[in-house]
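Engineer: If you want the building blocks of each chain, they are given just below.
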Amino acid sequence: MATSVGTRAEEGEFLASQRYEGGMRLAARQLVRNRAAATGLVCLALICLCALLAPLLAPYDPVQINLSAKLRPPGDEYLLGTDHFGRDVLSRLLYGARVSLLVGLIVVTFALSIGVPIGLIAGFLGGTIDNVLMRAMDAFLTFPPLLLAVAIVGLMGPDIENVTLALGVVQVPVLARIVRGSTLAVREETYITAMRALGASPLRIVTRHVLRNTLSPIVVQITIVFSAAVIAEASLSFLGLGTQPPQPSWGRDLADARRYMADAPWLFLAPTAALMLAVLSINFVGDGLRDALDPRAWRTRRRRAGRNERAV
Amino acid sequence: MSLLEVVNLRTHFATDRGTVRAVDGVSFTLDDGEVLGLVGESGSGKSVTALSIMRLVREPPGRISADRLVFDGIDLLQAQPQELRALRTARIAIVFQDPMRSLNPVLTIGRQLTETLRRHQGLDAKPAARRAVKLLEMVGIPSAAKRLTAYPHQFSGGMRQRVMIAIALSCNPRILIADEATTALDVTIQAQIVDLVKRLTREMGTAVIWISHDLGLVAGFCDVVNVMYAGRIVEAGPVRDVFQRPSHGYTLGLMSCTPRVDLVGQPLTPIEGLPPNLMEPIRLCPFLPRCRVSVGACASVLPPARAISPGHFASCHADLRAHWRG
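Residue numbers (my numbering), protein chains in the order written: chain A, 1 to 312; chain B, 1 to 326.
Since the hints were made in silico from the structure, they are not lab data.
No residue lacks a Cβ here, since even glycine has one placed at the ideal position from N, Cα and C.
Treat each hint with caution, since some may be false.
[Said to hold, decoys possible] Sample of chain A residues lacking proximity to chain B, with all beta carbon distances greater than 12 Å (derived): (1) 67; (2) 159; (3) 174; (4) 210; (5) 273; (6) 276.
[To be verified] If we take Cβ atoms under 8 Å as the criterion, some of the chain B residues that face chain A in the derived model are: (7) 94; (8) 106; (9) 118; (10) 119; (11) 167.
Between the sequences and the hints, there should be enough to build the whole structure, so can you do that?
Structural biologist: Written out as C-alpha cells, the structure reads:
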C-alpha cells in the first residue's frame, strides 16, 4: 500500500477522523459488489418504490369497475390489460405490492422483536430459563403455520391485520430457536470469555458481541420469513381469508384470475410474476447480506482495496 | 503487603457424576513486578486458578472458595460484579492460549482495542483510536494505523496474540496473567512473544503470572515458580532453586521429559500413566501411582509441605538430593 499520508501520527489522526467503525460501510460495499444481491436490491427497491408511489404511478383507480372495458388484453390503453370487472391490472398490481410488502415487513418486525430476545435470553442464560422458554416455543411450533393463521382468522374475522398477526406469531418460535442455537455456540467461544476478561457486562456482551455473531443466520431467516409471509398472505387472500375484495392484493387477484386462465392469461401472469420477483429479490438480498455480514467471507478484499486506492 | 494473596483457593465444579476438584487448596502470593511461573501438565488446574483469580469461572457449575483471595486490598470473593468488571483488564489482565479464537471475528481490530480503552479509561473515539495505534506499535505491529480497520482473520496467530497483549496491557494493569499465551504459536514466534511480554511488563512494572507447561520458558523468564499437580501446588520456590534442586517427584519427572540443548542425543523419560481423577478425594500424594522415586511413607501419609531452603517448598516424602545439579 502506498502512503500518501506522512507520519504515523498523522496516519492515526487520519484514521481516527474516518471513524474506524467502518465495518458496516465495508459490509455494504460487499453487498453491492455481489451481483445477485445487487440485482435483488435494485428490484426490491423498485418494488418498494412502486408500492410507495402507487397513487402517483397507477394509471387508473384500482377498484374502479368499468364493465365496458372488461378482460381487455394488454395494450396501449391498459398496459397489462383489465380483469373481469374492467379494473386495470397494472394499477391493482401496484397497489397490491403495498399489501404484500407491508404484511412481510410487519411479520418480520414482529417475529424479530419477540423471537430474537427470547432466543438470546434462553441461549445465553441457559438452565431453567432456557427450558421454560424453549418448551413454550415448542408448543407454538406444533401448530401447522397456515392452519393457525386460518384458525385465528376464523376466530377474529377475515381481515389483513389478523392475517399479519397470525403469520407473525407463527414465525416467533422459528426465530427464537435459530437465535438460541447460534447463541449457544457463540457463548462458548473464547472471545466471549475474553470479553468478560475485559470487564464487559453481560448485557453488553449479549447485545454487542453475541447478537453480532448470530446476525448471519438471523438475516437468512428474515428473508425466509419475509418471503413466506408474502406467499402466505397471497395464499390466505387466495382462500378468501386475507385481503377482502375489492382491495387489491396479489394473492386475491390470483384467486380471481384462475377462472379466466384460458381466456385472459395476463390476469394471473401479472401477479405471479410480481410475487416471484419480490420473493426472489428478497432471497438474493438475504444471501448477499449473509456473506456481507461475515468478514471472513469477504474474498476479494485485496482487489477492492486496490480499486479504492486508484479512486483516491 | 503483597499485591495478590491467594490462600487455600479451591475451585470445584459440580457435574452430573460428582464434584471435580479442579483447584484444591492453592496458596501463593505475588508482589508488585514479580514474575510467577505456574507449571504443570494439562488438567493440573493452572488455567482454572487463573480464571478463579479473575473470577471468570462460571458459577454455577463452578464454586470458588478461599481463606483469602485479596488483590491490592480488594477481597475478590466478596466483590460485586460491577467491581469485578471494573477490575478486569484495568488492573488484572489476562491473555488466553488460543489467539485464533480470542478475538471477535466480526469486529475490526480497532473496535476491539478501543472498546476496552473507552470502557476503562473513558476515552472518546478519536483519542482511543490514537492510543490504539500507539498500542499496536508498542507490540510491534507494522503500519499500525492501517491495521485498525483489519479483521482478526487477516492477522496471523502471532499478530493476533500481539493484539491480545496490546489489549491486555492497554490500561496498564498491575497483574498480567498469560495463560499458555505462547503454546498455540510456533517456536520462533513463541520466543518473540515471550521477549515482548518480558520487555513490556518490565518497562511497565507489571507483575506477571506466566502459565505454561514449558519449563524452559519459565526458567528463562520467571522469578518464582509454582509446580501444580492435581489442583495443588506440589513444589514452589525461586526458579533457580526449583530447577537446580527439584524436590518433588513430579518436578523431577517434568524435568526429565523436557528436551535440553546440553543433553542432545539422550532419550527423554516420559511420565508414565495418567493424571488422577479429580472427582475422588485425595488421601495420599496424587502423584504416587506415576512416581519413580516414591518411598515407604508415600503409601501411608499425604506428604505435608516441607521447606527445602528459604522460600522453597515441596510436598514430597522422597529425598531427591541425589538428583540435584551443581
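Engineer: Could you run down the list of hints and mark each one as holding or not?
Structural biologist: The hints, checked one at a time:
Non-interface call for residue 67 (chain A) relative to chain B: holds, since the shortest CB-CB distance, roughly 59 Å, exceeds 12 Å. At roughly 42 Å, the least C-beta separation between residue 159 (chain A) and chain B is larger than 12 Å, which holds for a residue marked as non-interface. No Cβ of chain B comes within 12 Å of the Cβ of residue 174 (chain A); the nearest lies about 23 Å off, and the non-interface call holds. Remark: the non-interface label on residue 210 (chain A) conflicts with the geometry, its nearest Cβ contact in chain B lying 10 Å away (cut-off 12 Å).
Look at residue 273 (chain A): its CB is around 37 Å from the nearest CB on chain B, clear of 12 Å, so calling it non-interface holds up. Remark: the non-interface label on residue 276 (chain A) is consistent with the geometry, its nearest Cβ contact in chain B lying 33 Å away (cut-off 12 Å). With a least beta-carbon distance of about 5 Å to chain A, the hint placing residue 94 (chain B) at the interface is held under the 8 Å criterion. Using the Cβ-Cβ criterion of 8 Å, the hint placing residue 106 (chain B) at the interface with chain A is satisfied: the shortest such distance is roughly 5 Å.
A cut of 8 Å between beta carbons decides the hint on residue 118 (chain B): the least distance to chain A is about 11 Å, and the hint is violated. Nearest Cβ of chain A to the Cβ of residue 119 (chain B): about 6 Å, under the 8 Å cut. The hint holds. Against a cut-off of 8 Å between C-beta atoms, the interface hint on residue 167 (chain B) holds, since the closest Cβ of chain A lies about 7 Å away.
Checked against the numbered hints given earlier, this structure breaks hints 4, 9; the rest are met.
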